[in-house]
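Work out the full structure, taking the sequences as your base and the hints as a guide.
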Amino acid sequence: MNIANKHPGLDSGAGRYRFLFAGGGTGGHLFPAVAVAQKIKQMKPESEILFIGNKSKIEGTVVPKLGFTFRHIWIKGLTRSFKPENILFPLKLIVSFIQSLLININFKPVVAIGTGGYVSAPAIFSASIMGAKIILLEQNSYPGLTTRLLERFADQVHISFEDSKKYLRRQDRIFVTGNPVRSDLGTIDKAEALQKFNLDISKKTLLVIGGSLGARSINESVAASVNRFEAEGFQIIWQTGKYYYHEYSAYNSSAVKVNAFIDNMNAAYSACDLLIARAGATTIAEITTLGIASVLIPSPNVAANHQFYNAKSLAEKEAAILIEDKHLLNTLFDNVEAILKDDERLNRLRKNAQSLSKPDALFIIAGQAIKLAEHI
1382 MNIANKHPGL
1392 DSGAGRYRFL
1402 FAGGGTGGHL
1412 FPAVAVAQKI
1422 KQMKPESEIL
1432 FIGNKSKIEG
1442 TVVPKLGFTF
1452 RHIWIKGLTR
1462 SFKPENILFP
1472 LKLIVSFIQS
1482 LLININFKPV
1492 VAIGTGGYVS
1502 APAIFSASIM
1512 GAKIILLEQN
1522 SYPGLTTRLL
1532 ERFADQVHIS
1542 FEDSKKYLRR
1552 QDRIFVTGNP
1562 VRSDLGTIDK
1572 AEALQKFNLD
1582 ISKKTLLVIG
1592 GSLGARSINE
1602 SVAASVNRFE
1612 AEGFQIIWQT
1622 GKYYYHEYSA
1632 YNSSAVKVNA
1642 FIDNMNAAYS
1652 ACDLLIARAG
1662 ATTIAEITTL
1672 GIASVLIPSP
1682 NVAANHQFYN
1692 AKSLAEKEAA
1702 ILIEDKHLLN
1712 TLFDNVEAIL
1722 KDDERLNRLR
1732 KNAQSLSKPD
1742 ALFIIAGQAI
1752 KLAEHI
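Take any residue in the sequence shown, note its place counting from 1, add 1381, and you have its number in our numbering.
No wet-lab data here; the hints were simulated from the structure. Treat the hints loosely; a few may be bogus.
[Said to hold, decoys possible] Computed list of lysine to aspartate or glutamate pairs in EDC-like fashion (alpha-carbon distance at most 16 Å, straight line):
1) Lys1584 to Glu1611
2) Lys1698 to Asp1544
3) Lys1571 to Asp1654
4) Lys1585 to Glu1573
[Stated by the list, open to error] Computed beta-carbon distance windows for the label pairs:
5) Ile1757 to Ala1641: 41 to 49 Å
6) Leu1566 to His1756: 25 to 33 Å
7) Leu1566 to Ala1719: 44 to 52 Å
8) Ile1486 to Phe1744: 47 to 55 Å
9) Ala1719 to Ile1468: 48 to 56 Å
10) Asn1686 to Asp1553: 22 to 30 Å
11) Leu1566 to Glu1755: 25 to 33 Å
12) Asn1633 to Thr1712: 22 to 30 Å
Given the structure is predicted, the values throughout are model-derived calculations rather than measurements. For each residue, glycine too, the CB sits at the ideal point set by N, CA and C.
This is the structure:
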């Protein structure tokens, strides 16, 4: 059926470039969507862009601040431990589908882009019913449940890891494009970056990131080793997360810079010789794009253990060091010390990480979305 029949007034001019985005719950699902939306707007300023999400999650705060139209639906993900609200999940799913369908009827998207999370399912499914072309982005090595359920409706599925192919059915619609990162991501001069943190350019620098909220096991392990790191002449930029800052702020010193949150990640990445972080898809995309040596500690509290598979994909190519969370406390110092004292290994990790980057992912995905809109 001609899409113009479903979208009255749609022609080669105004109205052709209407893009719906759905993805959220975490920054890993949201920020790739934001990056693509911003790129589309840059390439086609006349584009109309709408985000669907949950107002109590990260997208409810971030998206309106960026100037995009945001519509709220009820759905929230299931919690891993049993909570009474899980009983409401089927009802939330039905209500969210109806809400999404009404939003789609009103907005009439030409292309809908889903980046994962539970919110994508009703939003993208209802967009497909309305005749929109569907693009899915899968950031993780092991595709999430939402991607696997929506795959049958997709015109294109853009994945970040070659390993993901074996878990998906529609091989003719899969593209190993990479995970789009924000266009302003980059590095600055290392000396300038270290100066921003008031650190010594002659010392090796460790960057610790546990996410915006923080990671207890990472913070505990760094705290247990911080004196030994300083004794070895290493310095640390440490993002504890807002929930843990007061617990660890006392470690702040001339060689240890403790932050609840780091706003200038370009400077932090530029300053570091080695990164300690969780293995979320956005982190993986950023360290491969920038060629950063890293120790990755997969979170044990994520669906389908996908962070482990993300880190494993890099570790098998000697593009990162993988330490499981349960071993972190006893092995962190020895691993970090060995890497920071071996310049050849550091350089190999950087080179191998950058070899896995796909810097054109953002341009390719935005371009494909525009192309689909123009060829309906």
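These are the hints, each one checked on the structure:
{"no.": "1", "hint": "Lys1584 to Glu1611", "verdict": "holds, 10 Å"}
{"no.": "2", "hint": "Lys1698 to Asp1544", "verdict": "holds, 13 Å"}
{"no.": "3", "hint": "Lys1571 to Asp1654", "verdict": "holds, 10 Å"}
{"no.": "4", "hint": "Lys1585 to Glu1573", "verdict": "holds, 15 Å"}
{"no.": "5", "hint": "Ile1757 to Ala1641: 41 to 49 Å", "verdict": "holds, 46 Å"}
{"no.": "6", "hint": "Leu1566 to His1756: 25 to 33 Å", "verdict": "holds, 30 Å"}
{"no.": "7", "hint": "Leu1566 to Ala1719: 44 to 52 Å", "verdict": "violated, 29 Å"}
{"no.": "8", "hint": "Ile1486 to Phe1744: 47 to 55 Å", "verdict": "violated, 32 Å"}
{"no.": "9", "hint": "Ala1719 to Ile1468: 48 to 56 Å", "verdict": "holds, 49 Å"}
{"no.": "10", "hint": "Asn1686 to Asp1553: 22 to 30 Å", "verdict": "holds, 29 Å"}
{"no.": "11", "hint": "Leu1566 to Glu1755: 25 to 33 Å", "verdict": "holds, 28 Å"}
{"no.": "12", "hint": "Asn1633 to Thr1712: 22 to 30 Å", "verdict": "holds, 25 Å"}
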